[in-house]
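Chemist: What follows is the residue order along each chain.
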Amino acid sequence: LAKTTQPISMDSYEGQEVNITCSHNNIATNDYITWYQQFPSQGPRFIIQGYKTKVTNEVASLFIPADRKSSTLSLPRVSLSDTAVYYCLVGDIFSNTGKLIFGQGTTLQVKP
Amino acid sequence: NAGVTQTPKFRILKIGQSMTLQCTQDMNHNYMYWYRQDPGMGLKLIYYSVGAGITDKGEVPNGYNVSRSTTEDFPLRLELAAPSQTSVYFCASSLPGAGGTEAFFGQGTRLTVV
Chain A
5 LAKTTQPISM DSYEGQEVNI TCSHNNIATN DYITWYQQFP SQGPRFIIQG YKTKVTNEVA
65 SLFIPADRKS STLSLPRVSL SDTAVYYCLV GDIFSNTGKL IFGQGTTLQV KP
Chain B
2 NAGVTQTPKF RILKIGQSMT LQCTQDMNHN YMYWYRQDPG MGLKLIYYSV GAGITDKGEV
62 PNGYNVSRST TEDFPLRLEL AAPSQTSVYF CASSLPGAGG TEAFFGQGTR LTVV
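The listed protein sequences correspond, in order, to chains A and B.
If you read the first sequence in my numbering, its first letter stands for residue 5, the second for the next number, and so on.
If you read the second sequence in my numbering, its first letter stands for residue 2, the second for the next number, and so on.
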């Protein structure tokens with residue numbers, strides 16, 4: 005799996021848009037980019053996944069530039085309940101190795 | 002739908018004791034994983050399995066053993082508990098294509114070794 009680099013922590017205020025960027029310089033052709041969210045005392049949960057350009061769902065948007073060496077998770081108008089750790093993962097969708105490696109993630113603190 | 006179920010939710014072990022953390026999933030997923038998460042840290046992969054009868058080491062396998070006799074179950078065994086194994090343990094499952102598919106996590110087992 006391609007190594008990823010994210011900021012350790014970020015602060016924001018309610019109602020703001022939050023953008024978390026992940027660097028993955030050695031991403032491979034078959035690799036997809038996946039983001040997970042983890043609340044305290046819970047297991048991570050899938051937020052969004054993409055391969056290139058932009059993906060949007062009811063929770064977030066994922067922006068991927070043409071070179072795919074980075075990606076940005078965008079959370080619109082965050083609330084206190086968005087306080088969590090966000091993980092960026094990069095991996096081959098066709099791989100049968102089974103390894104799913106999480107980095108340290110980005111701790112997002114949303115303040116009132 | 003139950004998803005991924007872990008038992009127990011909490012456990013206190015004495016140094017040198019052994020125990021098995023249970024994990025079962027009802028989604029017919031081939032891939033299953035065990036992670037540990039120390040306070041304030043990210044998840045570390047202990048062992049994973051791509052199917053019944055197949056297991057492999059992750060990033061931090063020392064002190065643990067696993068087996069996968071069925072698609073549904075993936076128990077994690079601690080043979081000689083040590084204080085360094087105090088952590089929260091998460092089990093997860095997914096379909097093949099680990100890097101590009103959604104993994105589902107259990108609620109975790111909080112283990113304290115004293």
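Bear in mind the hints are in silico, worked out from the structure with no lab data behind them.
Bear in mind the structure is a predicted one, so any value in this text is a computation, not a measurement.
All C-beta atoms, glycine included, are put in the ideal place defined by N, C-alpha and C.
Among the clues, some could well be false.
[What the hints assert, rightly or not] Simulated crosslink set (DSSO-like; lysine-lysine; CA at most 30 Å straight-line):
(1) B/K45 / A/K115
(2) B/K58 / A/K58
(3) B/K15 / A/K73
(4) A/K73 / A/K103
(5) B/K15 / B/K58
[Stated by the list, open to error] One side only, chain B facing chain A, incomplete, derived with CB under 8 Å:
(6) T8
(7) F11
(8) L14
(9) P40
(10) E103
(11) A104
(12) G109
(13) L112
[To be verified] Only part of the chain A face toward chain B is listed, based on derived beta-carbon distances under 8 Å:
(14) K7
(15) Q46
(16) I52
(17) K73
(18) F106
Chemist: Double-check B/P40 for me: the hint is only fine if its C-beta lies closer than 8 Å to a C-beta in chain A.
Modeler: With a closest approach of 11 Å, the B/P40 hint is violated.
Chemist: Are the Cα atoms of B/K15 and B/K58 separated by 30 Å or less?
Modeler: 25 Å, holds
Chemist: Regarding the hint that B/F11 lies at the interface with chain A, is the smallest CB-CB distance below 8 Å?
Modeler: 11 Å, violated
Chemist: With a cut-off of 30 Å on the C-alpha distance, tell me whether B/K58 and A/K58 pass.
Modeler: Outside the cut-off at roughly 35 Å; violated.
Chemist: Hold the hint about A/K73 up to the distance rule: shortest CB distance to chain B must be less than 8 Å.
Modeler: Because about 16 Å separates A/K73 from the closest Cβ in chain B, which is outside the 8 Å limit, the hint is violated.
Chemist: Given the hinted pair A/K73 and A/K103, is their alpha-carbon gap at most 30 Å?
Modeler: 21 Å, holds
Chemist: Does the nearest C-beta of chain B fall within a distance shorter than 8 Å of the C-beta of A/I52?
Modeler: 10 Å, violated
Chemist: Should the interface hint for B/E103 be scored as holding, given a Cβ-Cβ cut-off of 8 Å against chain A?
Modeler: Given a least distance of 4 Å, the restraint on B/E103 holds.
Chemist: Sort out whether A/K73 lies within 30 Å of B/K15, counting only the CA atoms.
Modeler: The hint is violated at about 47 Å.
Chemist: Quick check on B/L112 please, does its C-beta sit within 8 Å of some C-beta on chain A?
Modeler: B/L112 check fails; min Cβ-Cβ to chain A is 14 Å, beyond 8 Å.
Chemist: Going by Cβ atoms only, is B/L14 closer than 8 Å to chain A?
Modeler: 20 Å, violated
Chemist: Tell me if B/G109 is really an interface residue toward chain A, meaning its C-beta lies closer than 8 Å to one of theirs.
Modeler: 6 Å, holds
Violated hints for the displayed structure, listed by number in ascending order: 2, 3, 6, 7, 8, 9, 13, 14, 16, 17.
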